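There are 2 protein chains.
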Amino acid sequence: MNTHIQQLLKPRSIAVVGASTDRHKLGNIVLRNIKDGGYSGRLFPVNPHETKIIGLNAYSNYIHIPEIPDLAIVAIPADFVVEAVREIGQKGTKAVVVISAGFKETGREGALREAELQAVANEYDIALLGPNCLGFVNTRQKLNATFGQGLMHKGNMHFISQSGAIASSIFDWAEHASLGFKDFITLGNKATLSENEFLEYWLQEQAKDTTLNKRFNESSYSPIGMYLESLTDGTTFIELARKVAQTNPLFVLKPGRTKAAQKAMQSHTGSIAGDDAVLSQALEQAGVIRAKSIEEMFDLSIAFSWSQAPQGKNVAILSNAGGPAVVSSDAIVEAGLSMATLSSDTKELLEAHLPRAASFLNPIDVLGDALSDRYEKALRLLLEADTVDAIVVILTPQVMTEIEKTATVVGRLAQRYQKPIFCSFMGGHLASKGEAVLSKYNIPYFSYPERAIAALGKMWWWRKWQTQAKKRKEVFETTPVATSTREHHLESIRKLLIQGQQYLSVSKINELFDDWDITTPPSASVTSLDQAKNFAKLHGFPMVLKLTAPELLHKTEVSGVITNVRSSKQLEAASQELISRKTELPVAVRKNVKLQMQAQIEHGVEVIVGVKRTAQFGTVLMFGAGGTLVELISDTNLHVLPATSEDIKQIVEKSKAFSLLTGYRGGQQLALEKLYHLIAQLCDLVTVLPFFAEIEINPVIVTKDQAYAVDGKAILAEF
Amino acid sequence: MNTHIQQLLKPRSIAVVGASTDRHKLGNIVLRNIKDGGYSGRLFPVNPHETKIIGLNAYSNYIHIPEIPDLAIVAIPADFVVEAVREIGQKGTKAVVVISAGFKETGREGALREAELQAVANEYDIALLGPNCLGFVNTRQKLNATFGQGLMHKGNMHFISQSGAIASSIFDWAEHASLGFKDFITLGNKATLSENEFLEYWLQEQAKDTTLNKRFNESSYSPIGMYLESLTDGTTFIELARKVAQTNPLFVLKPGRTKAAQKAMQSHTGSIAGDDAVLSQALEQAGVIRAKSIEEMFDLSIAFSWSQAPQGKNVAILSNAGGPAVVSSDAIVEAGLSMATLSSDTKELLEAHLPRAASFLNPIDVLGDALSDRYEKALRLLLEADTVDAIVVILTPQVMTEIEKTATVVGRLAQRYQKPIFCSFMGGHLASKGEAVLSKYNIPYFSYPERAIAALGKMWWWRKWQTQAKKRKEVFETTPVATSTREHHLESIRKLLIQGQQYLSVSKINELFDDWDITTPPSASVTSLDQAKNFAKLHGFPMVLKLTAPELLHKTEVSGVITNVRSSKQLEAASQELISRKTELPVAVRKNVKLQMQAQIEHGVEVIVGVKRTAQFGTVLMFGAGGTLVELISDTNLHVLPATSEDIKQIVEKSKAFSLLTGYRGGQQLALEKLYHLIAQLCDLVTVLPFFAEIEINPVIVTKDQAYAVDGKAILAEF
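Protein sequence lines, in the order shown, are assigned to chains A and B. The numbering of the first sequence is my numbering, which starts it at 1 and goes up by one. The numbering of the second sequence is my numbering, which starts it at 1 and goes up by one.
Be a bit skeptical, because a hint or two may be false.
Chain copies aren't distinguished; within one or between two, either way the pair holds.
[Said to hold, decoys possible] Listed below are the simulated DSBU-like cross-link pairs for lysine-lysine, each with C-alpha atoms no more than 30 Å apart in a straight line:
{"hint": "1", "residue 1": "Lys313", "residue 2": "Lys292"}
{"hint": "2", "residue 1": "Lys35", "residue 2": "Lys713"}
{"hint": "3", "residue 1": "Lys656", "residue 2": "Lys704"}
{"hint": "4", "residue 1": "Lys612", "residue 2": "Lys142"}
{"hint": "5", "residue 1": "Lys704", "residue 2": "Lys674"}
{"hint": "6", "residue 1": "Lys292", "residue 2": "Lys713"}
{"hint": "7", "residue 1": "Lys433", "residue 2": "Lys464"}
{"hint": "8", "residue 1": "Lys25", "residue 2": "Lys433"}
In short, the hints are calculated from the structure, not lab data. Note that the structure is a prediction, hence the values are computed from the model and not measured.
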């Protein structure tokens, strides 16, 4: 597929099917855009009714084109598209862009048409972009293959937009900001080509590219920006993204965080949003930055295109105004960065070069009457300071302020130092004159200092991820996830599935837990009071009595649990109580109900450990505070499997429950290692036995000696 | 003071002390700004060395001015300011602006100078703005009394900025956006005039102003924007703001949310930040919107200046692009708004007027090829729809898009309907042409739809507050906070304070609680095992044993509490245990330690109730989850006193603990009314006895019958 994508993005010849002399038709606009953009390859308009279009020879039929074009762009009414693509395939062209709308996005009829189109593309092994897309731009080929305004500034960024409209806005905005791109692809309905094929192609390309970024003295990267309303294949996307992100930053705006947006999407593109929290977690693990708004997506485009990520988190703020500097200090902390502490050397030098009333602590206030020379002196000192990893330069247009000259000073200094400098020249007309200069020097600038800092924070997050990812790779190679010799369970659970069972019984769960070395409290099914008393004698009070049945997922809701049974007398009362409650249950459930006794685990912290299979990202591990706290504190921490022992430690440490586990009354040490072991074993269990929709252990009680799986539920997947 | 402020803002004559012929001096710039702005009053330059300055007669001494100017503006070196202001006062001028810097902001010497300046201003009863400020603008007087770029567009907004630099940025930005102001005041060091005097003045003014806003058919308001680094007097500010906000929206950017910003402020203006969470709560109660960033402050300025607040929270999104509409749906929910549900009538009309492929659900997608007429039809239907309270119009510049024409259509329609319309024309050069048109029609526009929606959300928040505030007023008048006849405690606690005591003893706290009808579990100090056993016999097991002493604030930390004492045998063991621990305590503490017994309250939810005196906002009530949960779930809910019974209900309902209180195991109803009573009584206690720095009851255990104050601590204030 990669060679076809190469033909698509770098064609030596292009046919435009549906090229037209009518300036309002897409086929005309696309043809003109390609020609006017300066594309140097051969160009073949196809139209049965014309012989010349904008000075080019037109062909009445695709078959008549005197060569096999590398790329065909189709801009004809939807009804004729399938047939046209078949002809293109027959001729031998392997890359097609279908601009025409009228497919999946219009409903059932269109969806059928799209299925046919897909089939034809597969039959002829065609890499097909669209339908219902705006086309693409490749600035290195001077190729504007869109019916949009185009975008011909060269830059280092790739961009993928599922929405043509968002692309139009980015074109207009990028033109204004003088921001360039390597290529810009609009996906449309993704009938065959999705974000994944392009990521794969760029991954291959990036392996060849070892250009050095001269300013930052490290290998150059090509950031990848994305606007996606749906992921075509979550697992593949994450896998590719993780590889790409080790060299190149990726960021994505993926709406659908709220129910309202999910509803809007369904009525718009038919994309069904996956579980959004899982998506966020998967992106985070893969090193992908998730933009929260269109604004942030624009900000990250500027930041990653024009600057490398900082090497550390210490930021200095340089400003001619105290107010914005104070506001920025808030933003620095909120972005996960730190205010750089200046060395006494740097402070002394600043004192020597700045007026007495200036502030030499960070933020550095060069005062309202600062001319460009004062900015220059201070900035140079900060660029040379070891304790400063990045600098935010703030300027407010005051009476004496030399706006453009200061911008020039910043731009020139930036070229000589390998440290990110972000600017915020705050205001309107006056400030924008400075921004125009900054743009020339490729200094990222932002209307507000908070936005500069937020972008810097995301860059730093990616840098940290990149460093950890390198280590992580080794972890995966040297310490594989726990292996297992418990495959004999495969057969027994397969049988249950074939019988149509949905849940595992308590005894089956306990059997699995035993074999996976997941500790459960002593427990037994009892059928008589004598049995019960004997069990209590053996293990000692207090005891817990439960009604269990595979269908009773939330036992407390049916009052099927009695805890704190502390004597034989209480035991007798409790079992009578439960037996009478049993009769209140629906008949279908009642027949499977058993009376279960369990030694009560005291003096521990309740947590919840679960695994859940998701459609988009495979199995996800969940950890949090358990027992009655579950709903109160919304302590849901996720990790997409596989998980290393380090990952397991981290999911526990980032939970709110962790402060309970470490701050247990009296400062007693709890058996955290046992908890980690239990989690690792559960992950292993669902890896070896890939049959579960969900297993939840709630609570796991962690005491000073052990982590007990007190209550487990297992729901089988539907196959 | 109000008449002096009127003289300041609307002077019939102005003297500029330090007026100069040197175009680079502040005294020259200010004089020119006033003259060039078109000020129509009399203008007197004062300079000992000149006779004419920019064509005006100059006076060698203030005393020689042929009348008593309403306003004097001082722009001379700091060393001479005090003397100059004395002369001004002697002449009889009551309003002075000191532009000169070199006061508190420069350190100790400057602070002394400022103290002198303050004394002179007080002596002559002068309303003094500054020092170290940029001056002010009053557009209705065509008066630009700043040394800045000025700002002469008339508008309906008041603005106060403590920072001159932020003011400069706002001037530049507002010029660019064609946003006007009524007046714009920079406060500088606030030697005498602070935000409060201006709020008071505007409050009086607003009482006179009953102009009708024709477009929105409700009385016009004047929004007040503020950038403040410190509050001069928190209680007064909140009191004034609450009154103003009932008619006029207020918003404030007050940095200092994080420790880093507090540090930056201290090195910059010497303002000490109060407890930021209390500030946020106080602002919220007073109906003041707290902007989180400079960007949001700008956004709110546009929104409140050009639009009234929506009458409901239902928003329709109208877009020529699906992508941004989806993103907006997320933003709507996050802003506390709702996606409007369209009636079937509206939907039918939309279907009749829009192409088949358009989306008639909200968001309404008029498709990428929409011309201005399609926007017009859809917008008109939405303006007429009863279920829509506000509309966000999104436009992306696509091939056929009529950007300016669409803006004109929106502007014209807006004039005919009383519904807020917010626009986001996304892009760069192309989009900005549309923005220029929108600006002419005073339609708030934003670069990104998310920002439009966030601003709309804040407006809706204020509208809700305003409605509730009207009700609240009546509540205050008819149901006063619980009165009390417990004044006899005043004397006894006063005595303790005079003795230098810092904490109340358990017995004293219990005595207060008894008198205020705050229920505590049965408890007693015991000195012998027999006494203990008798107490247990009287009240029944389980029991809690504690070591108490006023100094032992956190008993669990010294293992001074044993719970779950369930038999005489355990009681004996527990008391021996505690007696032995007592010997481990420091001698000074040990002598006050007592052994306390308390009936253990079982089957309840632990919460924490506290009151705390703050320097800036008086006494604050705190409520949240208690016991071991306190630190885990950070459930800190605040309310600045006074509190009505409704406020008390609300602070409980908004807490995370509320779900524990209502979702208690088995769905048992807990005694919430008793909890509300306990909180009200505690509020009353600290109102009647204003001697406490802090009283904390942790835990209060709420059972199905009662709310028990299990453990109370009271720290006396320092006087």
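Evaluation of the provided hints:
| no. | hint | result |
| --- | --- | --- |
| 1 | Lys313 - Lys292 | both (21 Å within a copy, 22 Å between copies) |
| 2 | Lys35 - Lys713 | neither (64 Å within a copy, 82 Å between copies) |
| 3 | Lys656 - Lys704 | both (19 Å within a copy, 29 Å between copies) |
| 4 | Lys612 - Lys142 | neither (48 Å within a copy, 68 Å between copies) |
| 5 | Lys704 - Lys674 | within (10 Å within a copy, 38 Å between copies) |
| 6 | Lys292 - Lys713 | neither (36 Å within a copy, 45 Å between copies) |
| 7 | Lys433 - Lys464 | neither (35 Å within a copy, 41 Å between copies) |
| 8 | Lys25 - Lys433 | between (39 Å within a copy, 25 Å between copies) |
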